[in-house]
Amino acid sequence: STQMPTHSGPQTNEYADAQLQEIIKKMRDRANVYKEKLKDPVLSSPEGSPTTSPKKPPPPPKEEKKDEKKEEKKEEAEAKPEEDHYCDMLCCKFKKPPMKKYMELTKLPDTIDSYTDRRYVAWLMLVTIAYNWNCWFIPLRYVFPYQTPSNIIYWLAIDVMCDLCYLCDLMIFQPRVRFIKGGDIISDRVETKKFYRSSVRFQFDVISVLPFDILYFFFGFNPALRANRMLKHNTFFEFNDRLEAIMEKAYIYRVIRTTGYLLFILHINACLYYWASDYEGLGSTRWVYDGEGNMYLRCYYWAVRSLITIGGLPEPQTLFEIVFQLLNYFMGVFVFSSLIGQMRDVIGAATAGQNYFRSCVDNTVSYMNTYSIPRLVQNRVRTWYEYTWDSQGMLDESELLEQMPTKMQLAVAIDVNFAIVNKVDLFKGCDTQMIYDMLLRLKSIVYLPGDFVCKKGEIGREMYIIKQGEVQVLGGPDGTKVLVTLRAGAVFGEISLLAAGGGNRRTANVVAHGFANLFILDKKTLNEILVHYPDSEKLLMKKAKVLLKQKGKPPPGPPATQPKGLASLFAQKPETPKLFKAMLGGKGKEGLAKLLQLKRQEDTEVKPQKTKTQAETETKPKEEEKKPVEPAASSAPPPPKEEPNENTKPEVMQRTTSKESLIISMTPSPRAGEGEILKVEIKEKEKK
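For the sequence shown, UniProt numbering gives the first residue as 1, with consecutive numbering after it.
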């Protein structure tokens, strides 16, 4: 009968069990998500919404169709390659860019930064030229008979061009200028337009473009109707400020501008004098203009002599002439003194630095003369002043940067000095922010040719980085040999700065070769910086250890001379062992005597009966001490070394003059590379 197999227990499929566990986990996660959704209905379901069957989109309206067609045409036009544009002229074809590129170049931005945009400054210059045209020629055309029916068309053409400049500035440029509100730079086009229209400048600009020229049809071509054009003064003063901000030597423009003010006042005075002469009648009295010569130059000459109060003018005759002359004198004194004072301030500001430099030099020279400083030292001091001023334009750069915020000082220091400091191998791998902090602490100093930057043996408290020039490291027996020449970007003195206690002395003399501009970083400042950068401190300490190890190594000497002739066939003579040298180095052969004395003490403890014989033989080994030295100091090359062997016996040199023998043996060391072993033994002779 067959037996059915018995099942010990339920059997499970591992794959199915894993799948079920994964499904249970997903269902639990899903239940948790739905619980959260019930608590907060704002949450969206994690499951994606089912896609609906696509439906036909409704037909677009006619307007949308037109817009789509226009967009398609634009895309096609953009997709087409640009065609070459040629201009036919004089039987030749010249290639020229399309008008689209010109429009892109002349396209203005939405807003304009009046402080940095050079195009805006150029536009202000154009408007300023138009403003000066109106200020100079409106009084001239009104008083002097220079505007005639024959040339009126030219005057009107230039007036129209100036009016167009005013209108473009009012409608296009000024509404785009950014402004500052609450510390923020407002660059929104709508906000800039509102700000401009709410300002007083907008009111003056609108008044300056009012078309009073229409009254020409009723009152004739009278230039006085254009007097409102002179109210565009805000643009003139803004142009002066922006131009001075971008010029390297702004004082030159200030001098020219002040001179222009003086010439303009004289121009107005000349116009008033011609008007007064015309009112009284040309040539009616000696005081008025007689109508001869160039009318403008004659009147301008009178205005210069009258306004500057030179004198020598004809006396006024009528009451009108007297009042006019008095007012002219009073006005001349006030205006001329104001302009002279302004000119003095401009020139004084331009030469303030030079005056400060001269004052420092004069005070220093006076001090040296008071204390009878030698002439050689005085000449070196003057040379230092002259070179520092010529190379830097100032005596102390830190005075200029102290007025700026820290971030701005850092930006200036990075642009000026970061390229030099970043090349220094000592600081490579350090934190960049640490280098930035170090740039603010560096001090610049100038050394004259031959000046000692540091001397050997001095306590080192600074590290030097060469900014400009060269320095020489001196050494040798007399300290005049040039060991190495260091140039811009090199560092020296870092060992004294980074070394621990006892290693902070200068190891060489360093002299400036020519004029040298150096950065100095003292130890205290570096430690204050490294407190905030521990990683950089560890890196610098590692580099300091490497530098100290390199410093401790002996300098590489000259190469060993090779033996010539038959001596090259033999091996080089081994150096005398140090122990043997120490034994023979004492005065009166004390080294060997000490060894013998130690051996005698041991023998007296073991064999007290032999003390007499030891005393007798004490002096005899001293007399024969030089015998074992001769083979060691001989000039003949020793035989080649043999490998250590157990059967080899040490060389024995016996003393036959006493009852004891002195054994000095040299055996090769069992370890390779350790040289030979010296043994000294004293044994009693065997009785025959």
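Hints may be right or wrong, so weigh each one.
To be verified - Below are the EDC-like pairs computed for lysine to aspartate or glutamate, each with C-alpha atoms no more than 20 Å apart in a straight line:
1. K524 to D478
2. K249 to D345
3. K481 to E470
4. K524 to D451
5. K542 to E528
6. K181 to D163
7. K181 to D113
8. K467 to D396
9. K456 to D425
10. K456 to D437
11. K467 to D478
12. K481 to D451
13. K467 to D390
14. K428 to E321
15. K194 to D184
16. K467 to E537
17. K443 to D522
18. K26 to E14
19. K181 to D110
20. K524 to E537
21. K523 to E537
22. K542 to D425
23. K25 to E14
To be verified - Now the in silico label distances, taken between C-beta atoms and shown as ranges:
24. G450 to R119: 49 to 55 Å
25. N379 to N422: 35 to 41 Å
26. L313 to Y154: 34 to 40 Å
27. V190 to L327: 31 to 37 Å
28. G353 to D478: 40 to 46 Å
29. D396 to V531: 26 to 32 Å
30. K524 to F236: 53 to 59 Å
31. F237 to M343: 14 to 20 Å
32. V531 to F237: 35 to 41 Å
33. E470 to D188: 54 to 60 Å
34. M161 to L313: 25 to 31 Å
35. A490 to N527: 20 to 26 Å
Quick caveat, the hints were computed from the structure, so don't treat them as lab data. Just so you know, even glycine gets a beta-carbon here, dropped at the ideal spot from N, CA and C.
Evaluated hints:
The straight-line distance between the Cα atoms of K524 and D478 is roughly 33 Å, outside the 20 Å bound, and the hint therefore fails. For the suggested pair K249 and D345, the alpha carbons sit about 15 Å apart, so the restraint of at most 20 Å is met. Proposed proximity of K481 and E470 is supported: the alpha carbons are some 16 Å apart, at most 20 Å. Proposed proximity of K524 and D451 is contradicted: the alpha carbons are some 25 Å apart, above 20 Å.
The suggested pairing of K542 with E528 holds, with an alpha-carbon distance near 19 Å, which does not exceed 20 Å. Taken as a hint, the K181 and D163 pair is broken in the structure, with Cα atoms around 32 Å apart against an allowance of 20 Å. Under the criterion of a C-alpha separation no larger than 20 Å, the hint pairing K181 with D113 is consistent with the structure, at around 14 Å. For the suggested pair K467 and D396, the alpha carbons sit about 15 Å apart, so the restraint of at most 20 Å is met.
Distance hint between K456 and D425 is unfulfilled; the C-alpha atoms sit about 23 Å from each other, more than 20 Å. Taking the CA atoms of K456 and D437, the gap is near 30 Å; set against the 20 Å cutoff, the hint is violated. For the given pair, K467 sits about 29 Å from D478 by alpha-carbon distance, which is inconsistent with the 20 Å threshold. Our distance criterion of 20 Å between C-alpha atoms is met by K481 and D451, whose separation comes to about 16 Å.
As the CA atoms of K467 and D390 are separated by approximately 16 Å, the hinted pair is consistent with the 20 Å bound. With a C-alpha separation of about 83 Å, the suggested pairing of K428 with E321 is violated against the 20 Å cut-off. Of the supplied pair hints, the one linking K194 and D184 holds, its CA atoms being roughly 16 Å apart against a limit of 20 Å. At most 20 Å may separate the alpha-carbon atoms for a hinted pair to count; K467 and E537 exceed this at roughly 24 Å.
For a cut-off of 20 Å, the pair hint linking K443 to D522 stands: about 9 Å separates their Cα positions. In summary, the hint linking K26 to E14 is supported, as the alpha carbons are separated by about 19 Å, within the 20 Å threshold. Under the criterion of a C-alpha separation no larger than 20 Å, the hint pairing K181 with D110 is consistent with the structure, at around 18 Å. A threshold of 20 Å between alpha carbons decides the hint, and for K524 with E537 the separation of about 14 Å falls inside it, so the pair holds.
With a CA separation close to 13 Å, the supplied pair K523 and E537 stays within the 20 Å bound. A hinted pair counts as satisfied when its Cα atoms are at most 20 Å apart, and K542 with D425 qualifies at roughly 13 Å. This hinted pair checks out: K25 and E14 have alpha carbons roughly 17 Å apart, not beyond 20 Å. G450 and R119 have their C-beta atoms about 53 Å apart, which keeps the hinted 49 to 55 Å range intact.
For N379 paired with N422, a C-beta distance near 38 Å keeps the hint of 35 to 41 Å intact. Checking the proposed 34 to 40 Å range against L313 and Y154 shows it holds: the Cβ atoms sit about 36 Å from each other. Checking the proposed 31 to 37 Å range against V190 and L327 shows it is violated: the Cβ atoms sit about 51 Å from each other. Taking the beta carbon of each, G353 and D478 are about 45 Å apart, inside 40 to 46 Å as hinted.
About 28 Å separates the C-beta atoms of D396 and V531, a value consistent with the hinted range of 26 to 32 Å. Checking the proposed 53 to 59 Å range against K524 and F236 shows it holds: the Cβ atoms sit about 54 Å from each other. Checking the proposed 14 to 20 Å range against F237 and M343 shows it holds: the Cβ atoms sit about 18 Å from each other. Under the hint 35 to 41 Å, the C-beta atoms of V531 and F237, about 51 Å apart, miss the expected range.
One distance hint, 54 to 60 Å for the beta-carbon pair E470 and D188, holds here, with the actual separation near 56 Å. In this structure the hint that M161 and L313 lie 25 to 31 Å apart at CB is violated, the actual value being about 40 Å. Look at A490 against N527: about 23 Å separates their beta carbons, and that is inside 20 to 26 Å.
Violated hints, in rising order: 1, 4, 6, 9, 10, 11, 14, 16, 27, 32, 34; the structure is consistent with all others.
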